[in-house]
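Protein chains: 2
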Amino acid sequence: MIVEVIAVGTELLLGQIVNGNGAAIGRRLAEEGFDAHYQVVVGDNEDRLVASLETALRRADAVIVTGGIGPTQDDLTREAICRATNRATVFSEAYAEKLRARWEATGRVMPESNLRQAEYPEGGEQLPNSKGTAPGIALEHDGTWIFALPGVPQEMMGLLDDEVMPRLRRVAGGPAIVKSRLLRSWGMSESQVAELLDDLFQSSRNPSVAFLASSGEIKIRVTAKANTDAEASALIAPVEAEVRERLGTLIFGTDDETIESIVLGRLEERGWRLATAESATGGLIAARITSVPGASRVFVGSVVPYAAELKHRLLEVPEETLAEYGVVSEETAMAMAVGAARLLACEVAVSATGSAGPDEQEQPAGTMVIGVHTPEGTAARTFRLPGDRERVRTYAGTAALQLVRLAVEGSWWRT
Amino acid sequence: MIVEVIAVGTELLLGQIVNGNGAAIGRRLAEEGFDAHYQVVVGDNEDRLVASLETALRRADAVIVTGGIGPTQDDLTREAICRATNRATVFSEAYAEKLRARWEATGRVMPESNLRQAEYPEGGEQLPNSKGTAPGIALEHDGTWIFALPGVPQEMMGLLDDEVMPRLRRVAGGPAIVKSRLLRSWGMSESQVAELLDDLFQSSRNPSVAFLASSGEIKIRVTAKANTDAEASALIAPVEAEVRERLGTLIFGTDDETIESIVLGRLEERGWRLATAESATGGLIAARITSVPGASRVFVGSVVPYAAELKHRLLEVPEETLAEYGVVSEETAMAMAVGAARLLACEVAVSATGSAGPDEQEQPAGTMVIGVHTPEGTAARTFRLPGDRERVRTYAGTAALQLVRLAVEGSWWRT
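Residue numbers (my numbering), protein chains in the order written: chain A, 1 to 415; chain B, 1 to 415.
Among these hints, one or two may not hold up.
Each pair may be met inside one copy or between any two copies, as identical chains are not told apart.
Below 20 angstroms or equal to it, Euclidean Cα-Cα: the simulated SDA-like pairs (lysine to any residue) are [said to hold, decoys possible]:
| no. | residue 1 | residue 2 |
| --- | --- | --- |
| 1 | Lys179 | Lys219 |
| 2 | Lys98 | Arg266 |
| 3 | Lys219 | Leu14 |
| 4 | Lys179 | Arg389 |
| 5 | Lys131 | Asp388 |
| 6 | Lys219 | Ile17 |
| 7 | Lys219 | Arg87 |
| 8 | Lys179 | Leu14 |
The hints are simulated quantities; they were obtained by calculation from the structure and are not laboratory data.
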């Protein structure tokens with residue numbers, strides 16, 4: 001089944017915004033096995049939008065239009081669909097009433113133009129938009145489906161998942177439910193993970209297994225199609241168990257969980273508090289941890305001893321350690337972590353020292369050493385990270401958080 | 001003059017990457033006054049690419065294709081252009097020689113498929129790609145121009161600016177040079193800046209004046225068209241001078257300069273070193289400063305006293321100050337800055353304390369207080385920032401860097 005996406009908006013043609021909606025819809029369609037041959041961007045111009053719709057109706061089995069369904073005069077998608085399908089506009093008195101009531105509740109007078117949102121093509125239906133005022137539109141025309149969705153990404157995605165995808169699945173004759181489980185792993189390359197899971201990847205069609213790498217994390221997505229949510233969950237469960245069995249502690253979370261929130265949760269469970277001592281990462285790890293609301297329940301603070309003398313003066317890294325092993329060494333990293341836990345009076349501390357590039361500092365650019373101290377021990381690990389300064393620092397931040405997780409879980413990093 | 005953009009690549013249709021090239025080209029065309037009616041995305045499929053080209057040739061005066069000009073079998077743009085324009089393929093022996101020499105220099109054997117990059121449509125020309133191996137293509141066909149550019153954004157932009165735009169300008173009969181000057185400002189809203197510069201914005205067509213807001217910064221772009229670079233510069237100069245006159249110290253940099261690099265530069269000029277003391281920003285300011293290579297010449301380090309007791313114990317904020325004014329107060333912020341300069345033994349320190357949200361802490365969410373200490377004085381300023389936790393912290397980081405700049409320049413923030 002071929003689905004074409006038309007994004008409407010002069011601001012897209014002018015490059016004032018990137019067509020993220022097109023990519024998001026394309027991804028969703030691909031995940032569920034629908035084909036895409038073309039995507040089109042057209043400005044707020046009725047004739048050109050009608051022409052784009054006519055072309056799409058000729059070459060696709062379904063057309064998804066985003067944008068142009070708001071209340072203003074340059075919102076032309078409703079009119080264009082009526083013209084392209086040669087249909088009259090009908091007016092939803094029920095929706096108009098709802099709109100009026102909403103405005104009345106805020107004590108303001110509704111501009112008449114808002115009633116445009118109560119219009120839709122004859123034979124079609126309005127799709128409820130729980131996140132905004134402009135309803136979507138669904139219409140079957142000569143065997144081809146047309147959907148009109150808002151341009152606001154959040155509203156668009158809501159209607160896509162709740163209204164469009166179920167209809168497309170029904171038309172395609174497939175199961176009604178598509179459910180995904182995301183398993184997040186860290187500590188192996190994408191190709192290593194793919195190799196470990198190769199047979200699952202090859203053999204499985206339902207559920208299907210896919211990989212996605214980002215910022216050093218490898219995500220494994222298990223997607224099942226079924227007629228009910230419970231059936232889909234039942235299909236996913238044994239594959240998830242098998243993946244967890246093979247990857248062990250490499251799996252750190254699922255779905256929307258982040259390593260930041262997981263580290264904070266694990267520490268809170270054990271009643272431990274955390275500090276960071278960051279040289280090469282310059283405060284990045286602390287910034288990531290404190291991006292989580294409520295981090296103060298666990299996170300005590302940080303020292304960034306960027307100047308070398310502060311490593312000794314504030315964190316009490318012995319001068320002999322610095323002299324013998326160097327600033328960028330596992331010995332120094334461990335001493336920094338121990339010193340931070342002492343200075344900031346907490347149980348756990350993570351440290352980072354290294355050479356983020358582009359210039360070398362003792363070690364080749366990309367060398368990052370992470371140290372972790374907990375009441376159960378102290379350890380360090382050296383990484384040689386690829387990429388530019390920003391990428392090296394980001395990867396090092398993720399590595400630091402992962403090593404804290406492993407240490408707090410008691411598995412350290414002998415995986 | 002109407003220009004149509006066709007982006008080629010199945011990965012675009014699948015949503016694996018967003019069509020940033022389309023937006024970037026759209027922006028550049030709009031800046032120079034070219035019209036855009038449609039943008040199309042098509043997969044790595046020769047028939048559909050030919051169909052897209054034929055349609056674009058009918059309705060546009062110039063067509064820019066991105067992607068599909070590499071050496072592999074799914075790079076089909078060359079063949080598709082030949083088919084759509086009914087032209088033979090010619091082979092550039094000179095370019096083939098260059099390719100062979102490049103591979104020889106690395107001591108490797110060139111796969112024969114690479115020679116595909118030496119092919120181009122009869123009557124067209126190859127455009128040199130200084131950032132990659134795949135050359136672009138330019139071809140005039142029945143009065144319509146066709147350009148083929150690489151899909152890699154950096155290579156694409158290089159060829160767009162160096163080869164495509166000058167040809168389009170020549171065809172359009174306009175001046176050969178378009179030059180922009182970006183003035184970066186901070187401290188006013190976009191609407192305030194627009195109001196202050198309204199007459200320049202209204203009256204000026206060459207140079208034109210445009211505004212762009214991002215992360216609390218307002219950028220003012222002055223763009224001139226002329227026949228020579230010197231003429232364009234001469235057109236820009238008086239408008240730039242007028243903007244600087246009106247906005248004064250709100251203007252902090254030009255073109256690619258960032259506030260991070262400017263703060264480091266200003267401090268280095270004065271021979272001062274910098275520390276940060278960050279509570280609500282949690283290390284974000286330090287992380288931003290240390291993202292600049294060579295920051296260690298100026299930046300000493302940071303303390304993140306996230307736990308309240310550390311403000312007193314490490315930074316020596318008097319307990320009476322904390323009790324009387326609260327943690328989120330200008331008095332505490334100033335004491336934190338003074339304390340950080342003392343503890344980290346440097347001349348300048350910036351502090352941040354506040355309530356980033358979503359929960360309140362003493363003050364409403366979005367309240368951020370920045371303190372600055374230099375050898376010339378100590379001051380603080382309170383901000384009420386909009387948005388979620390991440391946005392508030394980012395804005396606060398920018399504000400902190402800007403206040404350091406003003407203080408180091410000696411103008412503090414009595415603007």
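Okay, the hints, checked on the actual structure:
{"no.": "1", "hint": "Lys179 <-> Lys219", "in the structure": "within (16 angstroms within a copy, 44 angstroms between copies)"}
{"no.": "2", "hint": "Lys98 <-> Arg266", "in the structure": "neither (46 angstroms within a copy, 58 angstroms between copies)"}
{"no.": "3", "hint": "Lys219 <-> Leu14", "in the structure": "between (34 angstroms within a copy, 18 angstroms between copies)"}
{"no.": "4", "hint": "Lys179 <-> Arg389", "in the structure": "neither (38 angstroms within a copy, 31 angstroms between copies)"}
{"no.": "5", "hint": "Lys131 <-> Asp388", "in the structure": "between (40 angstroms within a copy, 18 angstroms between copies)"}
{"no.": "6", "hint": "Lys219 <-> Ile17", "in the structure": "between (28 angstroms within a copy, 17 angstroms between copies)"}
{"no.": "7", "hint": "Lys219 <-> Arg87", "in the structure": "neither (46 angstroms within a copy, 46 angstroms between copies)"}
{"no.": "8", "hint": "Lys179 <-> Leu14", "in the structure": "between (37 angstroms within a copy, 19 angstroms between copies)"}
In this structure, the earlier hints numbered 2, 4, 7 are contradicted, and the remaining ones agree with it.
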